[in-house]
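J.: Just so you know, the sequences run in chain order A and B. So the working numbering is basically just the index in the first sequence, starting at one, shifted up by 218. So the working numbering is basically just the index in the second sequence, starting at one, shifted up by 93.
None of these hints come from the bench; they were simulated from the model. Cβ atoms here follow ideal geometry from the backbone N, Cα and C, with glycine treated the same way. Any given hint could turn out to be false.
Now the stretches of chain A that chain B is said to cover, found in silico as 3 or more residues with beta-carbon under 8 Å [as the list claims (entries may be wrong)]:
(1) 282-292
(2) 300-313
(3) 333-342
(4) 346-352
Think about it this way: if two alpha-carbon atoms lie no more than 20 Å apart in a straight line, the pair counts; the simulated PhoX-like pairs of lysine-lysine are [what the hints assert, rightly or not]:
(5) A:Lys303 <-> B:Lys179
(6) B:Lys620 <-> A:Lys307
(7) A:Lys330 <-> A:Lys301
(8) B:Lys620 <-> A:Lys310
(9) B:Lys606 <-> A:Lys330
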Amino acid sequence: MKNSIQALTVLLILLVSCTGRAQMVKSVDEIDKLDSNKSYFIGKSIKHLLSEIKPEIKMAKFVPGTPGINRSSITLFFIPVNKYKQYAKDHKHEPSYFRVTVKENDFEYNWKGLEWTPEMEKKFGCYIVQGIFVAKGRK
Amino acid sequence: MIHLKEFQQNSGLKKTAENTRMAQCLFRGPKGVFMVKLDWSKAENVSWHNKSFLDVPYYLDNGQRYVPGADGNGTASFNLVIHLYKNGDYRAAIRTTSYDGLSYETSTKVVQFYEMLDGRPMNIWYKDARRQKIVSATQINISKEEYQLIKRKMSHRLLSSKVPGNSRTNSFAGSVDANMNIQSEAGSGSNTYDSANCTITETTTYYDCSGNGNPGSAGEGEYADPVVVAVCPFVTHTIVCVGETPGNTGGGGGPSTGGSGTSGGSNGDNNESPDDCNDEAPPPPPPPPSVNPDGTTAPPYESPTPCELFLPEEPPKPDPCATAKAQIAEKRTKLKAFIDGLKAVKEAAAIDGKEHSIAINQNTDGTITVTPVSQGADFSVNSNLGSKSIANLHNHPNTSPPSAGDVYSFIQNNSMLPNYTTKFVVTQDGSIYALIITNQLAAQDFSAKYPKSILPGSPPEFTEVEIDGVRLFDEYQFSREFFRGEDFTNTEANEGALAYILDSFNAGIALLKMNDDGSFSKINTKKTGGEGPNSTFVKNKCQ
Numbered sequence: 219m220k221n222s223i224q225a226l227t228v229l230l231i232l233l234v235s236c237t238g239r240a241q242m243v244k245s246v247d248e249i250d251k252l253d254s255n256k257s258y259f260i261g262k263s264i265k266h267l268l269s270e271i272k273p274e275i276k277m278a279k280f281v282p283g284t285p286g287i288n289r290s291s292i293t294l295f296f297i298p299v300n301k302y303k304q305y306a307k308d309h310k311h312e313p314s315y316f317r318v319t320v321k322e323n324d325f326e327y328n329w330k331g332l333e334w335t336p337e338m339e340k341k342f343g344c345y346i347v348q349g350i351f352v353a354k355g356r357k
Numbered sequence: 094m095i096h097l098k099e100f101q102q103n104s105g106l107k108k109t110a111e112n113t114r115m116a117q118c119l120f121r122g123p124k125g126v127f128m129v130k131l132d133w134s135k136a137e138n139v140s141w142h143n144k145s146f147l148d149v150p151y152y153l154d155n156g157q158r159y160v161p162g163a164d165g166n167g168t169a170s171f172n173l174v175i176h177l178y179k180n181g182d183y184r185a186a187i188r189t190t191s192y193d194g195l196s197y198e199t200s201t202k203v204v205q206f207y208e209m210l211d212g213r214p215m216n217i218w219y220k221d222a223r224r225q226k227i228v229s230a231t232q233i234n235i236s237k238e239e240y241q242l243i244k245r246k247m248s249h250r251l252l253s254s255k256v257p258g259n260s261r262t263n264s265f266a267g268s269v270d271a272n273m274n275i276q277s278e279a280g281s282g283s284n285t286y287d288s289a290n291c292t293i294t295e296t297t298t299y300y301d302c303s304g305n306g307n308p309g310s311a312g313e314g315e316y317a318d319p320v321v322v323a324v325c326p327f328v329t330h331t332i333v334c335v336g337e338t339p340g341n342t343g344g345g346g347g348p349s350t351g352g353s354g355t356s357g358g359s360n361g362d363n364n365e366s367p368d369d370c371n372d373e374a375p376p377p378p379p380p381p382p383s384v385n386p387d388g389t390t391a392p393p394y395e396s397p398t399p400c401e402l403f404l405p406e407e408p409p410k411p412d413p414c415a416t417a418k419a420q421i422a423e424k425r426t427k428l429k430a431f432i433d434g435l436k437a438v439k440e441a442a443a444i445d446g447k448e449h450s451i452a453i454n455q456n457t458d459g460t461i462t463v464t465p466v467s468q469g470a471d472f473s474v475n476s477n478l479g480s481k482s483i484a485n486l487h488n489h490p491n492t493s494p495p496s497a498g499d500v501y502s503f504i505q506n507n508s509m510l511p512n513y514t515t516k517f518v519v520t521q522d523g524s525i526y527a528l529i530i531t532n533q534l535a536a537q538d539f540s541a542k543y544p545k546s547i548l549p550g551s552p553p554e555f556t557e558v559e560i561d562g563v564r565l566f567d568e569y570q571f572s573r574e575f576f577r578g579e580d581f582t583n584t585e586a587n588e589g590a591l592a593y594i595l596d597s598f599n600a601g602i603a604l605l606k607m608n609d610d611g612s613f614s615k616i617n618t619k620k621t622g623g624e625g626p627n628s629t630f631v632k633n634k635c636q
């Protein structure tokens, strides 16, 4: 009985520490932490990477790779599609984003931007991160 | 006086031993000392004004014809020009041809300097983009500061000058006053030129730094050894004036004071001999090399016409279609070596679906050959290049036009092999693209400013990093996306995006595509408005 209570206590502590731990990127301003911790994410899934980012991903651009020619990448933004063009027009530069290079190329080219959906997160979450590039928007 | 046969025999003996070693030892790269040596197999007989000349090119030990310029200037080449007399004697001079481009046919300004073997200057000839014939000229060496001052003032002023009577390598020890009068401390004759007949140039010239010369005492047998010459780059700021001047029409004078010795005078003396002539009578400029590295024929030589008016200098007009380069690319595809190589690459790719390559080489005897097909991997292949390569070709086992990786590897290889100026890519659907170097220095600058993005195990890409407010990778994608939205095919969108990067960011490279009739057209892309996702572009092909 005593052992069971102890095991339950340890389990509860672990659970709380896991669910309650702080994410690496708490705001868009901290997006460059992905770059400085690149090695932590490379070789792991996109799902794992996204779990370290608190701000919501709202838009994605897709470049499928052609072997020997160009890489596959998914570029993720924190701004919705319908505000993206206006943002670029008003600010004369791109908003913050990060790009994940992956091995897979089973998606269509799209550089206009598509709404990032839970379905996408599920599908692309399993892809393995090969490289990360972070572009921080100007203030 | 040494006779030509003896001269050649001695040259042959030296060439096989000592000079080869010297040439190998003293070649120190683009900004150092170059050893150039004669290639008798390419000697040409030239007849000019009833006089016979033998024109023998110098080559670098690695087989290259052109020596890179110093400090970002153009290139130069060297020839030994031998005046053959009827009695079997000869007199020789060294011609340095300085180009503002990479070779004769790609240059807009060409200046030819003749020097005697002891280093004494003889005369100078000039050609620019607006006159397709080379004409006699007078040279005045000036300092860099004078060059900059005159450049600002020259267009509307009359230029009065005292022409230095001696070496072009001596700096012009004078000054330029507010009225554009140039006072020389070393002049021997005074000449006046209308500024309309003059231009100022900043070129790389080369001087004999082998230490063999004996300036000032040009007795026979005291000449520097003309077989192998060590030359050092020297950036020259020069006023080049063309046409006879009022004060210099009567002949005589030094060899560099008006060029009258070459352009006028009696040239029909069939009994000529060195003793009959002024020792400093310079040889004429022989025709440009009759065969260019790509096998094309150089423009025909025209005799100088001293009295012809020299039009005011204007900056060379840009050629947005790179027409001359496109013609070179086309001519290269007509070469048997290219046709054979293309066939071999296509056949190999049809069998295994992988990448393959060949290189087209120009040998020292001028012949064009093709290398055996290099077996590549699924999506990469060895460039197959060597020191004599002028072009190469590889296949893409898909319909993709040249990639960013192709561009960067092209620039890198061109930096080491200046004669390698064309990269052909044939795709699975038979399309043939050519990347051509239009400006080697710009290409180097582009590669340095926008270094390729590297990810191990992946193809290189244009840089994602922001440089001067621009992310090249994103710019490429904005252009590509725009063309896709305009109902271009994926391949056409990729072509347009690549052309946009090359053209808009001064890559010194043009993207060409072969037309149905075998000609090549440059693909042009320009941004027409907007920024980032709001950018609009236009793409067309030069006709």
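J.: Given the hinted pair Lys620 of chain B and Lys310 of chain A, is their Cα-Cα distance within 20 Å?
T.: holds, 16 Å
J.: Would the hint linking Lys330 of chain A and Lys301 of chain A be met if the CA-CA limit is 20 Å?
T.: Holds, at about 12 Å.
J.: Need the status of pair Lys303 of chain A, Lys179 of chain B: alpha-carbon distance at most 20 Å?
T.: Answer violated: Lys303 of chain A to Lys179 of chain B is near 81 Å, above 20 Å.
J.: If you count the residues of the region 282-292 of chain A with a beta-carbon closer than 8 Å to a beta-carbon of chain B, do you get 3 or more?
T.: holds (count 7)
J.: Quick check: do three or more residues in the region 346-352 of chain A have a beta carbon closer than 8 Å to a beta carbon of chain B?
T.: holds (count 3)
J.: Take a quick look at whether Lys606 of chain B and Lys330 of chain A sit within 20 Å of each other, Cα to Cα.
T.: Cα-Cα ~28 Å, so violated.
J.: So if I understand the rule, the pair passes when the alpha-carbon distance is 20 Å or less; does Lys620 of chain B with Lys307 of chain A pass?
T.: holds, 16 Å
J.: At least three residues with a C-beta closer than 8 Å to a C-beta of chain B: is that true for the region 300-313 of chain A?
T.: Per the Cβ count (7), the hint holds.
J.: Please check whether the region 333-342 of chain A has three or more residues whose CB lies within less than 8 Å of a CB on chain B.
T.: violated (count 0)
In this structure, the hints that do not hold are numbers 3, 5, 9, in rising order.
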